[in-house]
Amino acid sequence: MNNQLILDQVTVKYGAMAAVSDATFSLAEGEIGCLLGPSGCGKTTLLRAIAGFESVSTGSISLHGEFISTPKHTKAPEDRAVGMVFQDFALFPHLNVNKNIGFGLNNLSGKEKNLRITEMLELVGLASVAERFPHELSGGQRQRIALARALAPNPQILLLDEPFSNLDAELRTQLAAEVRSLLKKNKVTALMVTHDQDEAFAMADKIALLNAGNVVQVDTPYKLYHKPGSLFAADFIGKGAVINVGIDAAGLLGNNLGSLSLNTLPEDFGNTVKLLVRPDDIAYDDTSDTKLEIVSKSFLGPNYLYELALNDGQLVPCLTHSHVDIAVGDELPVQFDLRHVVIFNSD
Amino acid sequence: MPSLNSTGQPTGHGWRTSLLIVTAIIALPMLVIFASLLLPFSTAWQHLFETVLTDYVTNSLILMIGVGVGTLLLGVSAAWLTGMCDFPGRKILSWAFLLPMAMPAYIIAYTYTGILDFSGPIQSLLRGIFDWQYGDYYFPQVRSLSGAICMLSLVLYPYVYMLVRVAFIEQSTAVLEASRNLGKRPWETLFQVAIPMARPAIVAGVSLALMETLADYGTVAYFGVNAFTTGIFRTWYGLGDLTTAAQLCAFLMLFVFALILAERWSRQRLRFHHDSAQKKMARMQLKGWRATLALSIGILIVSLGFIIPAGQLALWAATRLQENFNGDFLSLLFNSFALASLASLCCLIIAIFLAYTKRVFNSRLELGAVGVASLGYAVPGTVIAVGVLIPIAWLDNQIDFLSKAWFNYPTGLLLSSTIGILVFAYVIRFLSVALNTVDSGLTAIKPSIDESARSLGATPARVLSRVHLPILRTSLLTALLLVFVEVLKELPTTLILRPFNFNTLAVRTYELASDERLIDAALPALAIVIIGLLPVLLITKSILNERSTNE
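Those sequence lines, one after another, are chains Y and X.
Heads up: the first sequence begins at 1 in the numbering used here, then just goes up one per residue.
Heads up: the second sequence begins at 1 in the numbering used here, then just goes up one per residue.
These are computed hints drawn from the structure, not numbers from a lab.
Heads up, the beta-carbon is just placed ideally off N, CA and C, and yes, glycines get one too.
Heads up, none of these hints are tricks.
Label-pair ranges, simulated between beta-carbon atoms:
{"#": "1", "chain 1": "X", "residue 1": "L37", "chain 2": "Y", "residue 2": "E122", "range": "55 to 63 Å"}
{"#": "2", "chain 1": "X", "residue 1": "F191", "chain 2": "Y", "residue 2": "S57", "range": "28 to 36 Å"}
{"#": "3", "chain 1": "Y", "residue 1": "K223", "chain 2": "X", "residue 2": "R267", "range": "50 to 58 Å"}
{"#": "4", "chain 1": "Y", "residue 1": "P71", "chain 2": "X", "residue 2": "R290", "range": "21 to 29 Å"}
Could you build all of it, start to finish, from the sequences and the hints given here?
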């Protein structure tokens, strides 16, 4: 597969401060990528550098085999075949939907332009609002029109900046799935930015996790969740607790947690390891002798999420059916299932 | 504040009645003007039709088109430079662009006449350099229709500048970036996105500038341009025909209403253009010759609109300071200040009454009444003066008639040409200035603040004295100052309604200038300009605040 977008050791500076350093990332044609990270991690800066609104101070960005950003030259935003859906959609308030979508179609004749606009409106399923103005649209409609406008000039890559953050939670998941299938069906290469892992998981083939201006891990959603490469990734993605546990040479863990098979352990593990315990790594078991004190619990509808105290006081999560209803302060009988647990060297 | 019962609901119909009475009195002159259309058209109309009416209409239209284009070009350029770009000197320019507001049009008009006429410094210099004689060369005539367009544009563009600058600054950067992203160059983005999005602000600003243009009497009269306002003056003073003057006023009001509609419409549209959360400033950095060009354009506009005329006035005033700074000048100052203080106090009291009534009752009747009461800003002073004059003259005649019949004593014109009538006319014209300020101050006090004060045990009177007044203090002072300065500058209303031999700074300036005593007129003119700088400082302060929150 050809790489449509390549970021090679990109650094973007605001004055003396580097917002992004040494970011490397690539997307194949038709792939949907995501830059995920907490606010202020530099993900939006990186997206703006790809769109041409920020210059790079080292490294390079190339699109479809052409260098579009190098420290020496930043191709103007209007000369890049990059489409962008802005966080607040940035629809032109003085133009109706038709004209918004047609805005970027400079090289088409009137007739071709109208055809393309109609095509785009049908693509996002909003042919009925063609004559309306942005303020007459709902949030979800605005989002789809912004998408249609960005896709109309047939860009080589589509950038989406927090595309769902301005919508209510219910609409968000529904639209994320819709947008993904629309992009996939039309083989659009896309890169979105979000701080919301659920959105990232719902949309992306490939996620770059950013922290403090650095790309810390690039992986599929599955691997990012189950094989986090760092404590930061483990902490940021999904629910879970990182605990320090003593371990002996045979792999027997302290705190009555059982043992780990030696081939899953790093080669030079010491006297303690750090374990990432996800809520589904500890299972409720009526027959178990291992009982842990319940520190708090929250009702999630189908499930209860319990917070349990190990013997030494460290807290771990446990997910049960919501019919397992035991009071805070009492004990919960549990079984440890350490087959998928993530192990970090303690340092 | 209206009395409230224990649950906080307003009681008593007294407030509503007094609201309606106040509104009716304020609306009376306007009603009189329109009622004049029902009276038979006198033979003077025949004369007007045959001679000058076409002139009045075409000249006023050309004036509006010219000033519209002029203020648009100057105002939008200034707003673009200081709102969207960055270059050395931008911060100073962003408030310096407001300075021409301090310069009434009739003052800049006569100052430029002095600078540019045959014996003025420019032509003398040219003759000196090239050794020309009279008639050897072409020099544009300031005292002309196009001269009036230039003068009015130079001092009225700040209306456009202020509104458009805010519109530019509040435009979402994302929208401008979206345009670049969709393949438009910066200039295409300016003309296809930024300016069209600012269109409501542009229309509102130009409408305000055109209202001032229609209201202008001093400039057109001094330049000898036959416009509506000069026509009304001539009909009244020349032909002594008040009814025809009122009918002319009514026709002038047709233009005014078109502008009011344009302004209101565009202010409504403005709402739709603010839906962006992102307001991060990303000014276009100008470097090298672009920065020099931007700064030069800015300096040119401010120099023409303020620095050159104000400097010339200061020079003139200084040359005759010893002769002219005398008791007469001090009594002019005293008259003007007393009149302006009285009028601004009256405006403030009525504005507080209206704003509170609107706040407490807040139904369609009150909103409508307040809307009617605040229409005066759009009505030319000449029209208001004629509208006031007619009912007062009628009242005077009735009193005179009755007095003669009952006491055999002629009272003459008892009310006409008194300070009270002049103040009444000012209140109608400038009430909206005070009302807008008080109203926006009061709107900032959310009802929940009243409710929390009441729940903490404060009586309504205590809420007013301990909560509202301290919060409103700045708004009230601002309202006083704004009306004060407007009254000080107002020329046509004062000319028509002032008591015999009662002079103000504005009237004296105009009279001296009309008598070609330009240098003697400089001292009162300069006084008006200096006092006119006060509101400019106020607006500058708010611009500085906006800067500290935005940058």
